[in-house]
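**Q** Heads up: the sequence lines are chains V and P, in that order. Going by numbering that gives the first Met the number 0, the residue at position 21 of the first sequence is 20; the numbering climbs one at a time, nothing skipped. Going by numbering that gives the first Met the number 0, the residue at position 46 of the second sequence is 45; the numbering climbs one at a time, nothing skipped.
No lab work stands behind these hints, which were simulated from the structure alone. Please read these numbers as outputs of a predicted model, since none were measured by experiment. Treat the hints with care, since some could be wrong.
Below, computed lysine to any residue pairings styled on SDA-like, alpha-carbon distance capped at 20 Å [what the hints assert, rightly or not]: (1) P:Lys133 x P:Gly100; (2) V:Lys87 x P:Lys133; (3) P:Lys67 x P:Leu101; (4) V:Lys92 x P:Ala116; (5) V:Lys88 x P:Asp33; (6) V:Lys88 x P:His115; (7) V:Lys88 x P:Val147; (8) V:Lys90 x P:Val147; (9) V:Lys87 x P:Asp83; (10) V:Lys87 x P:Gly107; (11) P:Lys46 x P:Gly17; (12) V:Lys16 x V:Met0; (13) P:Lys46 x P:His81; (14) V:Lys87 x P:Arg113; (15) V:Lys92 x P:Leu101; (16) V:Lys87 x P:Ala87; (17) P:Lys133 x V:Thr77; (18) V:Lys16 x V:Gln43; (19) V:Lys87 x P:Arg77.
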Amino acid sequence: MSRSVWKGPFVDAYVLKKAEAVRESGRTNDVIKIWSRRSTILPQFVGLTFGVYNGQKHIPVNVTEEMIGQKFGEYSPTRTYYGHAADKKAKRK
Amino acid sequence: MKDHVCLGAVMGSYGVRGELRVKSFCAEPSAIGDYGSVTLDDGTRAKLTVVRPVKGGYAVRLAGVPHKEAADALRGQRIWAHRDALPALPDDEFYHSDLIGLTAIDTGGATLGRVHAVHDHGAGDLLEVRVKGKPVLVPFTRAVVPTVDLSAGRLIVDPPHGLMPGDGEDDAP
Numbered sequence: 000m001s002r003s004v005w006k007g008p009f010v011d012a013y014v015l016k017k018a019e020a021v022r023e024s025g026r027t028n029d030v031i032k033i034w035s036r037r038s039t040i041l042p043q044f045v046g047l048t049f050g051v052y053n054g055q056k057h058i059p060v061n062v063t064e065e066m067i068g069q070k071f072g073e074y075s076p077t078r079t080y081y082g083h084a085a086d087k088k089a090k091r092k
Numbered sequence: 000m001k002d003h004v005c006l007g008a009v010m011g012s013y014g015v016r017g018e019l020r021v022k023s024f025c026a027e028p029s030a031i032g033d034y035g036s037v038t039l040d041d042g043t044r045a046k047l048t049v050v051r052p053v054k055g056g057y058a059v060r061l062a063g064v065p066h067k068e069a070a071d072a073l074r075g076q077r078i079w080a081h082r083d084a085l086p087a088l089p090d091d092e093f094y095h096s097d098l099i100g101l102t103a104i105d106t107g108g109a110t111l112g113r114v115h116a117v118h119d120h121g122a123g124d125l126l127e128v129r130v131k132g133k134p135v136l137v138p139f140t141r142a143v144v145p146t147v148d149l150s151a152g153r154l155i156v157d158p159p160h161g162l163m164p165g166d167g168e169d170d171a172p
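This is chain P alone, in the form it adopts within the complex (with noise of 0.2 Å):
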């Protein structure tokens, strides 16, 4: 599932009529219904519409699971809607899922390390490099990650001093 993207997770049926209590991993949660058709682990490909929010995350209905006992059986699956169902973003803006897997390399062009995970923590996005199996978080602004490049699965970092690890003081005053 690697040209996918986990949307969700289903949690069990939910009521007698064959409908599913879903978790969303959406930014919106209820945007969990916008993709149309989703596909689970076990390959199923199935139009996933949101009934109602109920306790802990959504009601939804998956065409073709008309009872109960259907719904049960997909418990545990996960929801993937393929890539290119996202919708396209402007300029500067990336999914959280094509930067992850990138390749960071500085301006010199040695390799520093892979994005594990893009954090924010209310001072703006952070991408998580793991250098040398450390994890360095670099601030995702244009001075620091002048370049990506998706196709070519890199990002150029430009690390400020004292970003990396053994820059500037490291001892508490």
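Chain V on its own, in the form it takes in the complex (with noise of 0.2 Å):
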């Protein structure tokens, strides 16, 4: 069952708190870590970095619109697959 609409989307407050904190600050690039991984990501945390921890260690996720209304904890995998490299690709951006 999905979440009522009237209670609007969960999120830890020190994440705000910290995300705000660093809005104000300027320093956008600065990794913010948390330890939220059910908090939803809000409109207003696009274009900052969080560091979100995934029982090891945080994993710099960077927050674009696309990603409005997920969870972090979505981005943050908790088990790593190498695999193989093979003709694989990673785009710069």
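Dock chain to chain to rebuild the complex, using the hints, since each chain is given by itself in its own frame.
**A** Have a look at this one:
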């Protein structure tokens, strides 16, 4: 069952505080370390980089518009699969 | 096989006509047949043609493998293509195989470590740099990785505050 709309999206308060502090300081490139994988990504987080804890380390997540409404934990997998490089490509953004 | 990239592995024979069942490691699995001539672990070079997709991989035909017994003998061998067979990429796009092994240095010239892997968890590509044996994930962006010098075998990392271990607060709220 989905969350009731009247409650609004859930975000841990400390995540909001940290994001606001970084925005005010203007250092938007800083990695904001968070442990709250359950928090929803809000529009005011776009452009910021969060280090989302996966139980071992903080995975950098650069928030873009397409991520709004998802949870932080979705971008920080708890298991690492190395696989093969083969012909896979990486794009520098 | 330093100048080669591993495209897949032979899982065994397929059918009785000398076809092979291979597992593809390519980004687009069917692309394993796009590189023409391939090399096996034992040094054999042969042309590879994809016949059809089968359960768990692809049925392929390898020139010089006429029957099932010959195909069975190749089980477990990896399939390699020469790095030069991969098509050229536009600026700011790199093959994982080119990035892995590069030395990461910071803007002051100090060596941070080596690139161990490249990940994509849905929020952009990340370089896994081993700093003193510990993995550090570096966002692969122009701001954080301003220079990639493949010929010199190095890349420059300008880590933002909070990226390296020990930066920022490390205690959960």
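**Q** Against each hint, give a clear statement of whether it holds in the structure.
**A** Evaluated hints:
no.	hint	in the structure
1	P:Lys133 x P:Gly100	holds (15 Å)
2	V:Lys87 x P:Lys133	violated (24 Å)
3	P:Lys67 x P:Leu101	violated (42 Å)
4	V:Lys92 x P:Ala116	holds (18 Å)
5	V:Lys88 x P:Asp33	holds (16 Å)
6	V:Lys88 x P:His115	holds (15 Å)
7	V:Lys88 x P:Val147	holds (14 Å)
8	V:Lys90 x P:Val147	holds (12 Å)
9	V:Lys87 x P:Asp83	holds (15 Å)
10	V:Lys87 x P:Gly107	violated (31 Å)
11	P:Lys46 x P:Gly17	holds (14 Å)
12	V:Lys16 x V:Met0	violated (29 Å)
13	P:Lys46 x P:His81	holds (13 Å)
14	V:Lys87 x P:Arg113	holds (19 Å)
15	V:Lys92 x P:Leu101	holds (19 Å)
16	V:Lys87 x P:Ala87	holds (13 Å)
17	P:Lys133 x V:Thr77	holds (17 Å)
18	V:Lys16 x V:Gln43	holds (12 Å)
19	V:Lys87 x P:Arg77	holds (17 Å)
The structure shown violates the earlier hints numbered 2, 3, 10 and 12.
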